[in-house]
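Undergrad: Residue numbers (my numbering), protein chains in the order written: chain A, 1 to 230; chain B, 1 to 336.
Just so you know, these hints were derived from the structure itself, not from any lab.
Don't be surprised by glycine CBs; every beta carbon is placed ideally from N, CA and C.
Wrong hints could be hidden among the right ones.
Looking from chain B toward chain A, a few residues come up when the C-beta cut is under 7 angstroms (computed) [to be verified]:
| # | residue |
| --- | --- |
| 1 | N52 |
| 2 | R78 |
| 3 | I109 |
| 4 | Y257 |
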Amino acid sequence: MIATHLPLLQTLFPNIDDWGELGQACIDTLLMLGGSLLLTVAIGLPLGVLLFLTGKNQLHAMPKLYGGLSLVVNVLRSIPFIILMIVLMPVTYFLVGTKLGIRGAIPPLVIGAAPFFARLVETALREVEHGVIEASQAMGATTWQIVRHVLLPEARASLWAGVTVTAIALVGYTAMGGAIGAGGLGDLAYRYGYLSYKSDYMVVTVLLLIVLVQLLQMLGDRIVAHYSKR
Amino acid sequence: MIRFVDVHKSYRVDGKDVPALEPFDLDIADGEVFGIIGHSGAGKSTLIRLINLLERPSGGRILIGDTDIAALPDPALRAARQKIGMIFQHFNLLSSQTVSENIAFPMRIAGEKDARVLRARVDELLQRVGLTAHANKYPSQLSGGQKQRVGIARALANRPSLLLCDEATSALDPQTTASVLDLLAEINRELKLTIVLITHEMDVVRRVCDRVAVLDAGRIVEQGTVADVFLHPTHATTQRFVREALPEEAAGENVPYQNVQGRIMRLSFRGDTTWSPTLGRVTRETGIDFNILAGRIDRIKDLPYGQLTLAMQGPNVDAALQALRAAGIEVEELAR
Numbered sequence: 001m002i003a004t005h006l007p008l009l010q011t012l013f014p015n016i017d018d019w020g021e022l023g024q025a026c027i028d029t030l031l032m033l034g035g036s037l038l039l040t041v042a043i044g045l046p047l048g049v050l051l052f053l054t055g056k057n058q059l060h061a062m063p064k065l066y067g068g069l070s071l072v073v074n075v076l077r078s079i080p081f082i083i084l085m086i087v088l089m090p091v092t093y094f095l096v097g098t099k100l101g102i103r104g105a106i107p108p109l110v111i112g113a114a115p116f117f118a119r120l121v122e123t124a125l126r127e128v129e130h131g132v133i134e135a136s137q138a139m140g141a142t143t144w145q146i147v148r149h150v151l152l153p154e155a156r157a158s159l160w161a162g163v164t165v166t167a168i169a170l171v172g173y174t175a176m177g178g179a180i181g182a183g184g185l186g187d188l189a190y191r192y193g194y195l196s197y198k199s200d201y202m203v204v205t206v207l208l209l210i211v212l213v214q215l216l217q218m219l220g221d222r223i224v225a226h227y228s229k230r
Numbered sequence: 001m002i003r004f005v006d007v008h009k010s011y012r013v014d015g016k017d018v019p020a021l022e023p024f025d026l027d028i029a030d031g032e033v034f035g036i037i038g039h040s041g042a043g044k045s046t047l048i049r050l051i052n053l054l055e056r057p058s059g060g061r062i063l064i065g066d067t068d069i070a071a072l073p074d075p076a077l078r079a080a081r082q083k084i085g086m087i088f089q090h091f092n093l094l095s096s097q098t099v100s101e102n103i104a105f106p107m108r109i110a111g112e113k114d115a116r117v118l119r120a121r122v123d124e125l126l127q128r129v130g131l132t133a134h135a136n137k138y139p140s141q142l143s144g145g146q147k148q149r150v151g152i153a154r155a156l157a158n159r160p161s162l163l164l165c166d167e168a169t170s171a172l173d174p175q176t177t178a179s180v181l182d183l184l185a186e187i188n189r190e191l192k193l194t195i196v197l198i199t200h201e202m203d204v205v206r207r208v209c210d211r212v213a214v215l216d217a218g219r220i221v222e223q224g225t226v227a228d229v230f231l232h233p234t235h236a237t238t239q240r241f242v243r244e245a246l247p248e249e250a251a252g253e254n255v256p257y258q259n260v261q262g263r264i265m266r267l268s269f270r271g272d273t274t275w276s277p278t279l280g281r282v283t284r285e286t287g288i289d290f291n292i293l294a295g296r297i298d299r300i301k302d303l304p305y306g307q308l309t310l311a312m313q314g315p316n317v318d319a320a321l322q323a324l325r326a327a328g329i330e331v332e333e334l335a336r
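Work out the full structure, taking the sequences as your base and the hints as a guide.
TA: What follows is the structure in structure tokens.
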């Protein structure tokens with residue numbers, strides 16, 4: 001698609017030297033987003049469930065564990081992402097063997113976003129009617145059965161809304177990550193658009209990010225609408 | 001048989017023990033419909049939740065059959081709960097699942113995986129509660145009465161021997177309430193299922209219960225057969241509940257007795273005496289005269305009963321009262 005419209009794009013943005021590089025940056029951003037979103041959900045979902053279950057008046061209320069988890073989550077959420085990324089560099093190196101590129105970006109992205117997503121999960125689960133949980137207990141369900149068959153299915157509309165919000169937050173994080181060597185659209189915007197005064201790069205990157213966020217939001221809204229019909 | 005022995009329950013609020021249920025004993029027999037009536041905050045929801053241990057007692061023993069339910073380890077408790085059905089005021093159905101899936105859910109919890117077994121049992125239950133046509137709908141597409149029928153089908157799925165009803169009709173209109181109560185009575189009759197229900201409406205107790213306990217501020221203040229409690233309430237709270245269930249005129253409460261000549265008597269007829277012309281016969285034989293001040297004829301579950309408030313005059317009133325009592329009619333003189 002880009003190839004067919006290339007002449008038009010070249011007239012609109014004459015200062016962009018290499019459209020291939022821009023395409024690669026798009027792919028990098030999508031890879032970072034996809035990878036980190038997957039891991040964020042994989043870590044944030046169980047963490048959110050744990051926060052919910054150990055919370056006050058819940059199935060397995062454990063004030064100390066809840067307090068500890070809550071503190072860690074709050075600390076990670078209160079550090080601005082750009083700083084978190086720098087602070088985490090040794091951890092990143094230890095985990096994936098590099099601080100750069102897509103691989104180097106994913107650990108800080110996940111560590112930044114998972115606590116955020118976990119809170120959204122906790123909130124979503126709290127909205128599940130207590131009576132439904134009580135009814136399952138009365139049927140003799142185990143905690144695992146309640147989580148698997150009651151809490152997650154009943155909360156799935158809000159959970160998908162949480163995934164959408166998290167994905168969009170991650171788009172912003174990946175752009176920031178670009179500034180310190182993660183690559184992707186943020187990297188282009190920073191190096192060419194900001195450091196080299198090629199404003200065309202800035203405009204195109206911003207437009208692409210807007211489109212990406214719009215698409216994510218639309219997709220998320222559709223999924224949420226599908227599940228909230230009931 | 002469910003037996004509460006010296007059971008009590010208190011909650012810890014701000015470091016202090018607040019009693020919810022004072023120590024009590026209570027026996028519920030197999031196959032009966034036992035009602036627990038009380039105002040909100042009287043402790044009835046706590047009491048019914050003690051039976052399946054959704055609430056743990058602070059002391060005492062709760063025996064279901066020979067098993068002390070509070071002493072069971074977790075897996076055994078879960079197994080016991082699978083054999084105790086429960087329905088709720090707000091139905092508590094899974095909104096993300098269809099009617100059929102909701103009914104199959106307790107069976108899945110209990111480990112049933114065979115789709116054919118599930119399907120067959122669900123169909124059977126749908127038929128029992130009259131919802132076959134709604135099998136694939138979601139709860140939000142159903143009326144309140146239909147949701148409660150799903151709740152009942154779900155509660156019966158694992159063939160329990162005991163059904164707990166937590167204000168099961170309080171969110172329903174009077175007509176729907178009547179049909180849900182009829183369904184509960186039918187289940188009790190046909191499946192020989194013990195039913196424990198809590199309610200704040202005497203009318204619910206009158207329609208389906210065999211025996212009733214009245215709960216007031218954490219204490220059982222009165223208990224007995226519904227006919228005894230309903231026709232001769234002794235505690236002030238019970239009297240209030242009974243009054244609420246009757247139209248004022250029928251209870252004979254608002255009649256200005258000071259303008260009435262004669263002795264004011266309340267006659268209660270139960271069962272067969274309701275249908276025999278005893279009052280007419282006794283009046284003729286004793287030559288007394290009477291004036292009807294209030295009255296009603298109704299049913300307590302399957303038992304017909306009548307209650308008449310009369311002003312009786314004449315020299316032979318005492319003889320007439322004796323004859324009425326001899327014929328099995330309960331007679332009490334009302335204070336002026």
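Undergrad: Among all the numbered hints in the text so far, which are the ones the structure does not match?
TA: Number 4 only.
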